[in-house]
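Note that the protein sequences, when read in sequence, are chains Z and P. Anchor point for the first sequence: position 177 equals 177 in the numbering used here, and the numbering is continuous, going up by one each time. Anchor point for the second sequence: position 27 equals 27 in the numbering used here, and the numbering is continuous, going up by one each time.
The reader is advised that the hints may include incorrect statements.
Because identical chains share one entry, a pair is satisfied inside a single copy or across any pair of copies.
Within a straight-line C-alpha distance of at most 27 Å, the following computed DSS-like cross-link-like pairs (lysine-lysine) qualify [unchecked claim]: (1) K68 <-> K260; (2) K162 <-> K82; (3) K162 <-> K70; (4) K2 <-> K162; (5) K255 <-> K82; (6) K260 <-> K314; (7) K260 <-> K172; (8) K145 <-> K162.
FYI, nobody ran anything at the bench for these hints, they're computed from the structure. Only a predicted model underlies this, so the values are computations on that prediction, with no experimental measurement involved.
Protein chains: 2
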Amino acid sequence: MKAYESRSIQRVFLVACGGSCALMYPSKYLLDHEAKTITAEVYSSNEFIHRNPKTLDENALVILCSHKGKTPETTEAAKFAKNNGAMTVSLMYVEDAPLKNESDYIVNYSWAPAGKKEQYSEIMNYAVLYRLTLGLLYVKEGNEKYHSLLSSLDSLGEVFEKADDQFRDKAKQYAEKIRDEDIIYTMASGSNYGVAYTFAICILMEMQWVHSHAIHAGEFFHGPFEIVDKDVPFILLKGLDDTRPLEERAEIFLKQYTDKVLVLDAEELDLSDLDLEMRGYLAPMVINYVLRLHAVEIAEERNHPLETRRYMFKVAY
Amino acid sequence: MKAYESRSIQRVFLVACGGSCALMYPSKYLLDHEAKTITAEVYSSNEFIHRNPKTLDENALVILCSHKGKTPETTEAAKFAKNNGAMTVSLMYVEDAPLKNESDYIVNYSWAPAGKKEQYSEIMNYAVLYRLTLGLLYVKEGNEKYHSLLSSLDSLGEVFEKADDQFRDKAKQYAEKIRDEDIIYTMASGSNYGVAYTFAICILMEMQWVHSHAIHAGEFFHGPFEIVDKDVPFILLKGLDDTRPLEERAEIFLKQYTDKVLVLDAEELDLSDLDLEMRGYLAPMVINYVLRLHAVEIAEERNHPLETRRYMFKVAY
């Protein structure tokens, strides 16, 4: 917070790879929706470096994330950003790693494997990101929702508890139903798109070797929906932000034309512990928790552990 | 051009749906890479409206596109942008349509169906977009590459002629090879990503009912690549912009782990008629032309005309 005060910040670049990059989407949504003077962009680390945005300068804040702090592209991106004069803040789960040496500031976050409740707290990855981005708007633009964020994050543990009780059995039933599918699409819009993206690329493609694609719920009707038929499975996320009408429209179509749709609707969750004005922003975190319950059950049912890889960290690439 | 002079423009929003939205990606790349003071964002029309970016005001330029000018979300987006004080410029193929009534300026572009040479000229959709975006930088920041763009666009017709001669037979051979595939991934980075995206959602999913997904070549190694095996088909685009190393890295991996990869490399095209400094930006247009040749042959080989739809304009959605 103090660091923000010392600089003019006109642009935020949210930079990371894969699952860590997906984490950035809700914060971009928040910045787009709330910031009067600051723009936000999400880039995969290597794209960021090579694209070399000309507006990356001393008026930019670059927020990076790498779980173990040793994703080479992200470390390189931090170095690149610093060399261009930007302020760099990096999130890591571990305390010491190469990324630390290339960043102005490091913020650690809590984490536990999917399906374990401990990971869900006010210092988990999404929460830390929101604190950094809404915190920026608090300092620079006096956005008072920051207080509401902090108090809501304090209650997040209980919200996850309730979601866990509500969805553990349902997740198992879903896993039994789709165990033999070789393609499953995910879909969402707004602050929830990143959650659909991470479930597609990290859980289904990377950890289960199931074909997938995160379709944007608005784009769906301009091409992708022609792929739908009775046998094509979809997971549709319905959040509580202002883009919900896009997800609702997709739901009506999917329910009519495929028999294999799972709808995870934040309205069915008990979010009463969260401030009303924060629910749209925090719903992706809860939906992500619920999806991780599904991941665990799918892995179990398919007898394909979430840790199994054929290429990652095994071959040269 | 005159219109640009009358306004302060700090932000460009590129807004459209589906294939028209995909058109916007190369222009975003150009703005990111060249603009010193102006930021650029791409949004699907309905996401743009509901996300409601707070920086959308009288200092914003909103460029929209709808082929027939009657995509309801895009007309609505133009209206929304104007109500927020932004300048709106809309691209259409037709001369008169609802989008016109909601836009400050209309620019028409030339077009012909895939595989027909007439569509490729200095007033085709991508070309008009570049003229609008690089033209903005010429007016606002004195970017002299604008002249280079104009002279290169004059030669585009010949470039397409040569690409046509070079790839028509190859496209047919490729179509024969993949006619029975039910999933084909596409991949690219930088200015070429939009071309991979439009081939995935418009050609493969919409027009051929083949499962697909445009994977970003940098993100590929952070999840999606675990899906690769000998039998999984990929189309990899290699452009000439500064993100080419990402595409080269993906190529090495794909050639090692799948037997079904088509690489379309802009270095194999004869681009000698284009100014050297424009080749990176214009390569996506030529690659897109080559891909459209493939689309025609794939449709022919699969006996599934590009015009066939089951939902679009046929059912309510």
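Alpha-carbon proximity between K68 and K260, which holds within one copy, between copies, both or neither at 27 Å: Neither way: K68 and K260 sit 36 Å apart in one copy and 34 Å across, limit 27 Å.
Alpha-carbon proximity context of K255 and K82, limit 27 Å: For K255 and K82, neither the intra-copy (49 Å) nor the inter-copy (35 Å) Cα distance is at most 27 Å.
Homo-oligomer pair classification [K172, K260; C-alpha up to 27 Å]: Classified as within; 16 Å inside a copy, 36 Å across copies.
Copy assignment of K2 with K162, given that the CA separation must stay at most 27 Å: Neither way: K2 and K162 sit 36 Å apart in one copy and 59 Å across, limit 27 Å.
Identical-chain pair category, K145 with K162, by Cα at 27 Å: Result: close within a single copy only, 25 Å intra versus 58 Å inter.
Status of K70 relative to K162 across identical chains (alpha carbons, at most 27 Å): neither (35 Å within a copy, 46 Å between copies)
Within, between, both or neither, where K260 and K314 count as close if Cα-Cα is 27 Å or less: between (35 Å within a copy, 22 Å between copies)
Alpha-carbon proximity context of K162 and K82, limit 27 Å: Cα proximity of K162 and K82: none, with 42 Å in one copy and 44 Å across.
Hint check: violations occur at hints 1, 2, 3, 4, 5; the rest are consistent with the structure.
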